[in-house]
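Undergrad: Each protein sequence line maps, in turn, to chains G and Z. If you count by my numbering, then the first sequence holds residues 1 to 857, one letter each, in order. If you count by my numbering, then the second sequence holds residues 1 to 283, one letter each, in order.
Worth double-checking, as some hints may not be accurate.
Some residues of chain G that are not near chain Z, with every Cβ distance over 12 Å (derived) [as the list claims (entries may be wrong)]: (1) Leu103; (2) Pro431; (3) Asp517; (4) Asp549; (5) Glu855.
Quick list of in silico lysine to aspartate or glutamate cross-link-like pairs, EDC-like style, CA-CA up to 20 Å [as the list claims (entries may be wrong)]: (6) G:Lys793 / Z:Glu44; (7) G:Lys808 / Z:Asp69; (8) G:Lys644 / G:Glu628; (9) G:Lys16 / Z:Asp191; (10) G:Lys528 / G:Asp450; (11) G:Lys488 / G:Asp476; (12) G:Lys231 / G:Asp37; (13) G:Lys808 / Z:Glu68; (14) G:Lys551 / G:Glu345; (15) G:Lys528 / G:Glu510; (16) G:Lys773 / Z:Glu68; (17) G:Lys231 / G:Glu62; (18) G:Lys551 / G:Asp658; (19) G:Lys793 / Z:Asp47; (20) G:Lys856 / G:Glu760; (21) G:Lys16 / Z:Glu178; (22) G:Lys21 / Z:Glu186; (23) G:Lys373 / G:Asp109; (24) G:Lys528 / G:Glu513; (25) G:Lys16 / Z:Glu186; (26) G:Lys808 / G:Glu768; (27) G:Lys521 / G:Asp468; (28) G:Lys793 / Z:Glu64.
The hints are simulated quantities; they were obtained by calculation from the structure and are not laboratory data. A virtual CB, placed ideally from N, CA and C, is assigned to each residue, including glycine.
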Amino acid sequence: MAECHPVAFRWVTQAKLRGAKVIHADPRFTRTTAMADIHAPIRAGTDIAFLGGLINYVINSERWNTDPFFKEYVVNYTNAATIINDDFKDTEDDDAAGVFSGLIEYTGDPLNGFVAQYDNTTWQYRRTAVGDQGRSGSTAQSGEQEVESGQPDAESQEVPSGPPFDPLVRALLPPPAETDPTLEHPRCVFQILKRHFSRYTPEMVAEVTGCPPETFIQVAETLLENSGADKTTAIVYALGWTQHTYGPQMIGAAAILQLLLGNIGRPGGGILALRGHATIQGSTDIPTLYHSIHGYMPAPSALKQHDTLTDYLKTETLPTGYWANTPKFMVSYLKSMYGDAATPENDFGYDWHPKISGDHSHMPMMVAMMEGKVKGMFAMGQNPAVGGQNARLQRKALAKLEWLVVKDNFETETAAFWYNSPEVKSGELRPEDIQTEVFLFPSAQVGEMDGSFTNTQRLVKWHHRAADPPGDCRSDVWFTYHLGKRLKALYADSDLPRDQGIKNLVWDYEPDEPPADSRIKDEPDVEKILKEINGYYTETGEHLKSFADLKDDGSTTCASWIYCGIFPEPGQNRAANREPDPPGTVGAHLNWGYAWPANRRILYNRASARPDGQPWSEAKKWIWWDEEQGQWTGYDVPDFAATKAPDTPADPNGIGLDAHSGTDPFIMKADGKGWLFAPTGMVDGPLPTHYEPAESPVRNPLYRQQTNPVLKRWDREDNRIIEPEDPEFPYVLTTYRLTEHHLSGVMSRWLPWLAELQPELFVELSPELASEKGINNLDWVRIRTPRGEIRAKALVTRRMRPMQVAGKTIHHVGLPWHWGYQGIVTGDVTNDLSALVGDPNVSIHEAKAFVCNVEKA
Amino acid sequence: MMAEPMGFFTDTTVCIGCKACEVACKEWNQLPAESGGANTLSGESYDNTRRLSGTTWRHVRFIEQFNEDRSQGRWLMMSDVCKHCVQAGCLEVCPTGAIIRTEFDTVVIQADVCNGCRACISACPFGVIDINPITGTAMKCTLCYDRMQAGMIPACAQACPTQSIQFGPISELRQRAEKRVRQLHEAGQTDAYIYGDESILGGLNSFYLLVDEPEVYGLPSNPQLPSRNLVPSATLSAAGAAAMGLLGLVSLRKRRMDRLAAERRAEREESAEPVEGGEEGDA
Numbered sequence: 001m002a003e004c005h006p007v008a009f010r011w012v013t014q015a016k017l018r019g020a021k022v023i024h025a026d027p028r029f030t031r032t033t034a035m036a037d038i039h040a041p042i043r044a045g046t047d048i049a050f051l052g053g054l055i056n057y058v059i060n061s062e063r064w065n066t067d068p069f070f071k072e073y074v075v076n077y078t079n080a081a082t083i084i085n086d087d088f089k090d091t092e093d094d095d096a097a098g099v100f101s102g103l104i105e106y107t108g109d110p111l112n113g114f115v116a117q118y119d120n121t122t123w124q125y126r127r128t129a130v131g132d133q134g135r136s137g138s139t140a141q142s143g144e145q146e147v148e149s150g151q152p153d154a155e156s157q158e159v160p161s162g163p164p165f166d167p168l169v170r171a172l173l174p175p176p177a178e179t180d181p182t183l184e185h186p187r188c189v190f191q192i193l194k195r196h197f198s199r200y201t202p203e204m205v206a207e208v209t210g211c212p213p214e215t216f217i218q219v220a221e222t223l224l225e226n227s228g229a230d231k232t233t234a235i236v237y238a239l240g241w242t243q244h245t246y247g248p249q250m251i252g253a254a255a256i257l258q259l260l261l262g263n264i265g266r267p268g269g270g271i272l273a274l275r276g277h278a279t280i281q282g283s284t285d286i287p288t289l290y291h292s293i294h295g296y297m298p299a300p301s302a303l304k305q306h307d308t309l310t311d312y313l314k315t316e317t318l319p320t321g322y323w324a325n326t327p328k329f330m331v332s333y334l335k336s337m338y339g340d341a342a343t344p345e346n347d348f349g350y351d352w353h354p355k356i357s358g359d360h361s362h363m364p365m366m367v368a369m370m371e372g373k374v375k376g377m378f379a380m381g382q383n384p385a386v387g388g389q390n391a392r393l394q395r396k397a398l399a400k401l402e403w404l405v406v407k408d409n410f411e412t413e414t415a416a417f418w419y420n421s422p423e424v425k426s427g428e429l430r431p432e433d434i435q436t437e438v439f440l441f442p443s444a445q446v447g448e449m450d451g452s453f454t455n456t457q458r459l460v461k462w463h464h465r466a467a468d469p470p471g472d473c474r475s476d477v478w479f480t481y482h483l484g485k486r487l488k489a490l491y492a493d494s495d496l497p498r499d500q501g502i503k504n505l506v507w508d509y510e511p512d513e514p515p516a517d518s519r520i521k522d523e524p525d526v527e528k529i530l531k532e533i534n535g536y537y538t539e540t541g542e543h544l545k546s547f548a549d550l551k552d553d554g555s556t557t558c559a560s561w562i563y564c565g566i567f568p569e570p571g572q573n574r575a576a577n578r579e580p581d582p583p584g585t586v587g588a589h590l591n592w593g594y595a596w597p598a599n600r601r602i603l604y605n606r607a608s609a610r611p612d613g614q615p616w617s618e619a620k621k622w623i624w625w626d627e628e629q630g631q632w633t634g635y636d637v638p639d640f641a642a643t644k645a646p647d648t649p650a651d652p653n654g655i656g657l658d659a660h661s662g663t664d665p666f667i668m669k670a671d672g673k674g675w676l677f678a679p680t681g682m683v684d685g686p687l688p689t690h691y692e693p694a695e696s697p698v699r700n701p702l703y704r705q706q707t708n709p710v711l712k713r714w715d716r717e718d719n720r721i722i723e724p725e726d727p728e729f730p731y732v733l734t735t736y737r738l739t740e741h742h743l744s745g746v747m748s749r750w751l752p753w754l755a756e757l758q759p760e761l762f763v764e765l766s767p768e769l770a771s772e773k774g775i776n777n778l779d780w781v782r783i784r785t786p787r788g789e790i791r792a793k794a795l796v797t798r799r800m801r802p803m804q805v806a807g808k809t810i811h812h813v814g815l816p817w818h819w820g821y822q823g824i825v826t827g828d829v830t831n832d833l834s835a836l837v838g839d840p841n842v843s844i845h846e847a848k849a850f851v852c853n854v855e856k857a
Numbered sequence: 001m002m003a004e005p006m007g008f009f010t011d012t013t014v015c016i017g018c019k020a021c022e023v024a025c026k027e028w029n030q031l032p033a034e035s036g037g038a039n040t041l042s043g044e045s046y047d048n049t050r051r052l053s054g055t056t057w058r059h060v061r062f063i064e065q066f067n068e069d070r071s072q073g074r075w076l077m078m079s080d081v082c083k084h085c086v087q088a089g090c091l092e093v094c095p096t097g098a099i100i101r102t103e104f105d106t107v108v109i110q111a112d113v114c115n116g117c118r119a120c121i122s123a124c125p126f127g128v129i130d131i132n133p134i135t136g137t138a139m140k141c142t143l144c145y146d147r148m149q150a151g152m153i154p155a156c157a158q159a160c161p162t163q164s165i166q167f168g169p170i171s172e173l174r175q176r177a178e179k180r181v182r183q184l185h186e187a188g189q190t191d192a193y194i195y196g197d198e199s200i201l202g203g204l205n206s207f208y209l210l211v212d213e214p215e216v217y218g219l220p221s222n223p224q225l226p227s228r229n230l231v232p233s234a235t236l237s238a239a240g241a242a243a244m245g246l247l248g249l250v251s252l253r254k255r256r257m258d259r260l261a262a263e264r265r266a267e268r269e270e271s272a273e274p275v276e277g278g279e280e281g282d283a
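Pulled out of the complex, with its shape left as it was, chain G reads as follows (with noise of 0.2 Å):
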């Protein structure tokens, strides 16, 4: 964090002032650890394997089976009291196969990448299948594979239509789970969970992750000194975890831990991932993502029963929790698309709407782009040439396309692939032979136009324009908008019905005056773009105030229903709040930015109040229950009905909130509760699981499955992954960023003063790999693997070190991958060595772990 945010980091500096201590896993010792008090010296991938083991130390432990806290949180407030599936295999069972219940054959396009496929049906809640809404990441559930999501067993399920559509969401209502509330049914959550971990040993952990037990020890029990109802315990990542075959379940294996210490909801507490660019955030909520539209609800798809809006609402809406409202958060999203043109008549223009077909992510694109099936690609802001995995491949692809559009504030590698790539120089491509035309669009920088971030928090802070952009550099608002009129005009006389959609698209954001202080006329007014965000009264065009107040029935159009509120009036845009709490006072600096859902800064607090409704200890105390004004308060905005009082019954006919009880803290899980074991929603199984990365120099120490069995690969001669512990690839390489550079280095590399910071890559090594290689420090290096090759000076230091793993030692190679062709420093193209591997949940790429071999160059 400290390398990577160094901002961000200066609260945990200001926490470590106050007396907290900071715990650091990870295979090298960076900036962050040099802050840190613990440094868990951890093998690259096993963080699984750690984390469960801090899962099995916490449950078993006295101070977690005495103090009555623990107890209390979780039978109350997570899932580990209901009952599975009789069915229901674990991973322990057959002789510590290492498969759950229900593995089959993928049958599906090959292009979606996926080895294999889960059959969920025996993970499901004993009696009743619940489902989760597909929304925050879960590509896999956007039709990919045959999984539940949204409604389980919408297919065969016969709904009216509507609007209105609450009688839709009524038939959808399941009966309800069977619990446990002693937590000893031996099918009940809590028991599966802790056979699950059972074997996560100390010294399994050191054996698997390389951690000397003393190590872990002392980290499992600072977790429990500081977690209960007087302290709490927060647990930060980035991508150390998310670019993993199994990325999505070692943030699972967290928020399991965080559920059982009872810190989710609370202040102090939680899980914070760190998003890696300016406003990534932002960019999911109203998504540059193939697989969700706004809000996180799912994108329609040719691959599912979506062919009408009801049955997109039938098969996406969950009937409990506040999920219950999609049928309105869908056609306000709808009328924000396709305005007066979307009537309750052809369902709000629902076959208008674009229906993706398969894994459209950045990974399977660039396989399609390389086998010649894309035309085109706008890369806005991204350099593929540079930062995507087995970029000899991307760069290869690149060639393949009829038109490239670069917009950027440099001439990237991914504009200058045609006459400066190392296959141009190479010679093994040649420009004359590239038909590619490629354009490059100067971009605006921030200070060159108004706008929002949203930070890693949900926080979305307005940032306004300082000065114009020079020549004919364009924001990529200006930009987006001025293609987007061209396109219309176009396509203005289509009978087609396939251009229905572009033409009815509403696409009205002129300034209504031009902007006095600017020389760019025509520049999009974003107030608009806002506005529309936000939401308003279709007939009044009255601001809408918050997302309770939306409808089904075409009434209140809305773009993304999370950042309803943001806007409740014009002149009162939140972002740009800028009122902090004065010093001294306790609060959550409300006037601060504005937060979604709601201006809520911490989710799901609830949690924060005992089941009573009364703060679970004074010093942690956040929101409660005020029983004199009949209402929630506290800090916060409640996330929470806010007059529901904490000893509200479920209404068992019930749908919506009204579902739940008063003390179900989590609102959108159908069942209200925080999830230990997750029926529905990962496609690799309900529980973490160690797995080796694809690739690895070690057979799993744990396993008969040696890696995630579901997970996605594309077998080709010029990806190749190569078999476990094969003795040509013998030690760990890792990727990772520096401070000094962001990213591909487009935004770094070309400034002299940062440039001048980090001038050159390196690759990082122990003085034990280095004398055994015959490697003194600022060598030159040839760093292998079964991609491809690159060279980089050697950086020899003891902060990478040797681990003793399953009775071998074994190093770690690490290297940065900011540098490219381009720029005023250059370097080699560390993503030559990746490979196009990934999650099967979110398609996200294993960069952190695969293996190479190095030598004296």
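Once you've looked at the hints, dock chain Z against the given chain G.
TA: Same frame as chain G, now just chain Z:
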């Protein structure tokens, strides 16, 4: 008119080595990057800046300390800068008066007065100053004198995300520093101490909290002013001159005595006997 002494307290225990201070300083002062940015890898940990110079006025040091089995390990980071000494060697030797002490008790080289004579470069015990090759004059950190005069804080202190670099009145900073040292000692980090109290050159107006010997950070443990030798060497010179003078007087007198003795001897021999040759009379 003297305003209150102002300066830096740098708590190196919260420095994360991000180098925002280096970049903020160059940006504010419009200093050029090394070779237009095309620098080379130093191989010294994450420090490619290497040293302070006429065009680099902030330099973050990285010191890796790991034992062989890795059971003990730490990575020290420290943002080096001009110390703005209360007794400043550079100011002492500057022949043109370019180097002045400001109303904030900081030390500033007036660029339009400096003639590039380089005396200050050797006078600084911290190796802070060097010639800016573009101007041909000596340059170093100004403690953002221009920003301070406008009521702003120095660029580096503003940029530092963890408030390792703290700016303010020296008296307040000293109190804060003492409190922090006490806090660290109570938490078991007994090797924390302040470098730059009055015992060093009268006090450093950019002082540090360190956790190891100064030499580990590239700092001298006992820096001295150039004028440290003035009194002893002047005294020695005077004593030497006096000794030489005395020796000279003694030698002159001896010569005169010898000559007089020789003359008397010659007179006695002349009046005693007739001379045979006359060799002795030959002169």
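Undergrad: Please write out, lowest number first, the hints stated earlier that are contradicted by the structure.
TA: none
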